[in-house]
Amino acid sequence: MKEYEADTYGHLHPISHIIRQTAYIFSQIGFSTVSGPEIETEYYNFDALNIPAHHPARDMWDTFWLKQTNNQQSAADDGLAGGKDSKSSVVGSKLLRTHTSPVQVRFAEKNKPPIRIIVPGKTFRHEATDATHEAQFFQLEGLYIDTDVSLANLKFVLEFYLEKLFGSKTDIRFRPSFFPFVEPGVEIDMSCFKCGGSGCPTCKQSGWIEIMGAGMVHPKVLSNMGIHPKRFSGFAFGGGIDRLAMLKFGIGDIRSLYTGDLRLINQF
Amino acid sequence: MLISYKWLERYFDEKLPEAEKISSALTMHSFEVESFEAVEGDTVFNIKILPDRAHDCLSHRGIAREISVILGTRLNKEEYELKPLSGIPESKKVTINYIDQKICPRFSALVIENIKIKESPGWLREILKSIGQKSINNVVDITNYVMFSMGQPLHAYDLSRLNQKDGVIDFGVRMSQKGEKLITLDGKEYEMPGGLLVIENEGAVGIAGIKGGNSSRIDENTKSIVIEAANFNPVAVRKSSKAIGLRTDASIRFENDISPKLTLRALEMARGLVLELASTKDTIIEGFADFYPIRRSDYKVGVSLEEIKKITGIDFDDKEIKKILDRALLKYEVINPRDVIVSLAKENLGKPYKYGASVTADAPNAFDCSSFISWLYAQAGISIPRISIDQYIYGAEISREKTKPGDLVFCNTHRDNRGVFHRKSIEFLPGTEVTKPVDHDGIYLGNGEVAHSTEIKGKIIVELLDESDSFKDIVGFRRVKEIDKDRYVISVPFERLDLRQPADLIEEIARIYGYENIKPKKLEETSAEVFTDKNSYYADLMKDILIGEGFSEIISYSFKNNGKIELLNPIASDKGFLRADLKNSMHDLLEFNFSNAELLGLTEVKVFEVGTIFNSKAEHLSLAVAVKNNEKQKVVDEAVRAVISKISDDLKIDLMKFGVIEGGIYEGDFEKAIKNLPEPKEVIKFESRPNLKFKTPSVYPFVLRDVAVFVPNGISADEVFAIIKKEGGNLLTRVRLFDVFEKTTEDGEKKISYAFRLVFQSQSRTLTDEEMNTIMERINKAVNAKLNWQVR
Ligand SMILES: [Zn+2]
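Protein chains in written order, with the working numbering: chain A, 340 to 607; chain B, 23 to 814.
Honestly, the hints are just simulated from the structure, not real lab data. Think of the CB as a built atom: it goes at the ideal place given N, C-alpha and C, for glycine as much as any other residue. Incorrect hints may have been included.
[Stated by the list, open to error] SDA-like cross-link-like pairs, simulated, lysine to any residue; straight-line CA separation at most 20 Å:
| # | chain 1 | residue 1 | chain 2 | residue 2 |
| --- | --- | --- | --- | --- |
| 1 | A | LYS587 | B | ASN713 |
| 2 | B | LYS70 | B | GLU42 |
| 3 | A | LYS533 | B | PRO712 |
| 4 | B | LYS541 | A | MET399 |
| 5 | B | LYS543 | A | ASP487 |
| 6 | B | LYS597 | A | ASP487 |
| 7 | B | LYS43 | A | ARG512 |
| 8 | A | LYS569 | B | LYS503 |
| 9 | B | LYS668 | A | ILE364 |
| 10 | B | LYS703 | A | ILE364 |
| 11 | B | LYS264 | A | LEU351 |
| 12 | B | LYS715 | A | SER595 |
| 13 | A | LYS406 | B | GLY623 |
| 14 | B | LYS368 | B | ALA265 |
| 15 | B | LYS556 | A | GLY375 |
| 16 | A | LYS533 | B | ASN713 |
| 17 | B | LYS245 | B | ARG293 |
| 18 | A | LYS503 | A | ALA491 |
| 19 | B | LYS543 | A | ASP510 |
| 20 | B | LYS597 | A | GLY375 |
| 21 | B | LYS773 | B | THR755 |
[As the list claims (entries may be wrong)] Over the 12 Å line for every Cβ pair with chain A, so calculated as not near, a few chain B residues:
| # | residue |
| --- | --- |
| 22 | VAL61 |
| 23 | PRO73 |
| 24 | LYS114 |
| 25 | LEU150 |
| 26 | GLN199 |
| 27 | GLU242 |
| 28 | GLU538 |
| 29 | GLU546 |
| 30 | GLU551 |
| 31 | SER558 |
| 32 | GLU653 |
| 33 | LYS703 |
| 34 | THR790 |
Just need the whole structure built from these sequences, with the hints factored in.
Here's what the structure looks like:
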């Protein structure tokens, strides 16, 4: 196309861009892509993931709850986010998933290890919005369960992925953290793809960029999935696709991803 | 939590490392230090303590301990010498009654008489101030100081303002009645909902674990005090706190669960400080009261070298692990599980049977069959499920011949008096079924003998398997995998409620050792084929078709001001529902983008969205495709129809069957449309264009100018464009050739007309007419300067 000709090309949204590239990168090391419902039960979003009702850990996920009507109750019974429900429900209602982990639980209930999946998808958190926070965003999560899985495997996989995604040599750093569904739980920093670690505005001069949370799947979560925690181990990771897109493409405001503004989309 | 450097220093004789070093060491080995800054003679850290460490580290002592473990600085004293309360008599003035231990496992109180309330000394005021706490008076400051030191909230009451009955002040803890009123210390009146945890003293005198009541407050007239150090149920406090929307430093600690053992230590520290800062010549410690009916026993948790290596991927050796455990201040022993299990089983013969006995509270005084086994294994550092059926599923099957001392025997006693035979896992692997029901188990001791806690005999006995009534119907023998490897069995420090299972210990070891020592390890090769879920796969194929046809993908908000499913807690009043379609948001988007068409170099706007929509029955993936241009509606609709049929043809589906075109927008149920397509068996290849970088659009308006140029035949549009681009300068954002025609002049010469639309925009200001005229003149002049070129 010449510079002075009309733009007749279509453009893929940058979020889809990251999701598709991610799916393809992970497929090279045996990971499949799965998806699941956006409306979830409290059981799959929290309880199954070792986040009991009335536990302070729940505060880590500000949740949108749905108003329950009789109509929806019967809808829930015939398919809308079906399956097990919480024994200790807070609101006695459905919710908007705060992460895509429920999809992993649903998948693991139906499939035996080895399991290698990634789960990209829209998620929701009840937070005030600003340039880096949105009430809706896309999450990328991954799960690997086999007989002999370690933190060293996690390090390999995330390095492999981020290096390919950002197109430059990438180191991964683990920092101690806590997520109820993993133990040990770690925060993942990647070496800054812009400056390579010497410090720049992108990495706030630290040389590292906080990119994901991860860890070894908690034995209780394995057990909730119907997987024997002594015979299998696994890792899980999760992070924001919006954040990956913003970093990779240099997009400054997360909200600009959802306004449908072609001045943004048509650059991709 | 805010942590004062000066405060930390009180725990060390050695010099503490610099704040910077502490900050990075804690961040890499413990938890994130979000910031640290100098404040008047101190440095204050802001540390993000997550729920797993909130039990012990919402306190200066906890952080000091952590620094000592990570940096090796020796922690060699309490910041305040603790004198045991053991010599103090039982209080004659204060009693504690009417408490359900479930909502309040422990309630301790210390009565001190004839003290003097005054201002706190400077050191105390300053150290509280550096972590943002206001000084009130010596006694209140002491309670705060103790809380921020060791994590145990305290509350001090004025003894004379409490209600007496027969000369005795009686405390209780109960749930509030709906409508009960209480004025808290800050003077605020609460009309309480039912079910709030309150401190009872002839009426509510405080919201338990959250805030004290005003009626018994300490002020300058106070002479004698009761200091309460309680342990409230975390869920009860959290519910109360949520119900009245009040979170305090105390409630945060209680809702995260703290050890009941802390109450005494906190009172010991408070006593010392009161004597030091508030005593008079007449001060006496009148007495002490302690309600603690079910003592929490010490916790043991074990792990093997093999397990540590397996999960971390670090090639540890025994010496290294021992070094780390020592550094971590964890007391441990290395044991052979079989030996421990068998010898403890024998030691506990004769202990009474108690149905439903608790492994933490009743053991080792009473057991039922499976609590006995669960407890024995726990002593060997192996955590196994609590219930017989789950223990059966947990273990690996072995034959009777291979069974060794310490292995498990399961049976069905056929005494269905409680309906507790189980065919299905209860807690361990929900949904897992076994072929034969199990209701009882025992420990094999060798020589055909089994030890088991039996209800029939009412105690733990040893019998020959072949002669036992209980074991007439043996369901199977099981071996717990961990039994054959030596284990490091740690006696968990009482405040470390986070160390409960092997994974917790593995984390403890790995983080202290340093995660940076983990080397990436490739995954094992897999022959399993990768796949994509159906929705995503066909959506991606469809997106590729649409993009090929010039459509751009938008992703819009799921929250709308109307729909079929309403949110209980919307983020804004106009976002109260989940979208029931995609097309409604598309209308506005089309308008908006069409107004920017020239800026984007578009002659029409073509967009699509694939996303989940919600109706009252279910959610599903919807597809919307839209076109907007200046054509008649019918023509627009036809353009949409054309692309919809192209997708339908390419994917072999019938989108029109599941959707409609209206006002230039198609919307339909994509999920239904692809229902009969085969399950995908691949992941579509996708590679990003290199160096794709986003340029933030200008917020200033763009300006349009057209220029048409007559040039001699043979001159290409490229040549004309080059001049326009050069003369247009930085502000020229986009150029589009919108018209070309040939004309033969009167003298028979062929000429071509090129008409360009020029879009100007500044990143930093609104362009003025004058500015524009200057640029256009410059372009015209440059064009006209060429031989036989002419701006029309
Ligand atoms: Zn950088």
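LYS406 (chain A) and GLY623 (chain B) were given as a pair; does the straight-line alpha-carbon distance stay at or below 20 Å?
violated (45 Å)
If you draw a straight line from the CA of LYS543 (chain B) to the CA of ASP487 (chain A), is it 20 Å or shorter?
holds (12 Å)
Confirm or reject the statement that GLU546 (chain B) sits farther than 12 Å, beta carbon to beta carbon, from all of chain A.
For GLU546 (chain B), whose nearest Cβ neighbour in chain A is about 7 Å away, the distance does not exceed 12 Å, so it is violated.
Taking only the CA atoms, is the gap from LYS703 (chain B) to ILE364 (chain A) under or equal to 20 Å?
Judged against 20 Å, a Cα distance of about 16 Å means the pair holds.
Distance restraint between LYS773 (chain B) and THR755 (chain B), which requires alpha-carbon spacing of 20 Å or less
violated (28 Å)
Non-interface claim for LEU150 (chain B), where every Cβ of chain A lies beyond 12 Å
holds (25 Å)
Hey, LYS541 (chain B) versus MET399 (chain A), does the alpha-carbon distance stay inside 20 Å?
violated (30 Å)
Holds or violated: LYS503 (chain A) to ALA491 (chain A), with C-alpha atoms at most 20 Å apart
holds (19 Å)
Restraint status (C-alpha distance of LYS264 (chain B) to LEU351 (chain A) at most 20 Å)
Judged against 20 Å, a Cα distance of about 44 Å means the pair is violated.
For LYS703 (chain B), is the shortest CB-to-CB distance to chain A above 12 Å, so the non-interface label stands?
violated (10 Å)
Is the hinted pair LYS43 (chain B) and ARG512 (chain A) satisfied, with a Cα-Cα distance of at most 20 Å?
Given pair LYS43 (chain B), ARG512 (chain A) holds - Cα atoms ~18 Å apart, limit 20 Å.
Please settle this one: GLN199 (chain B) was flagged as non-interface, so is its CB more than 12 Å from every CB on chain A?
holds (22 Å)
Hint check: violations occur at hints 4, 6, 9, 11, 13, 14, 20, 21, 23, 28, 29, 30, 31, 33; the rest are consistent with the structure.
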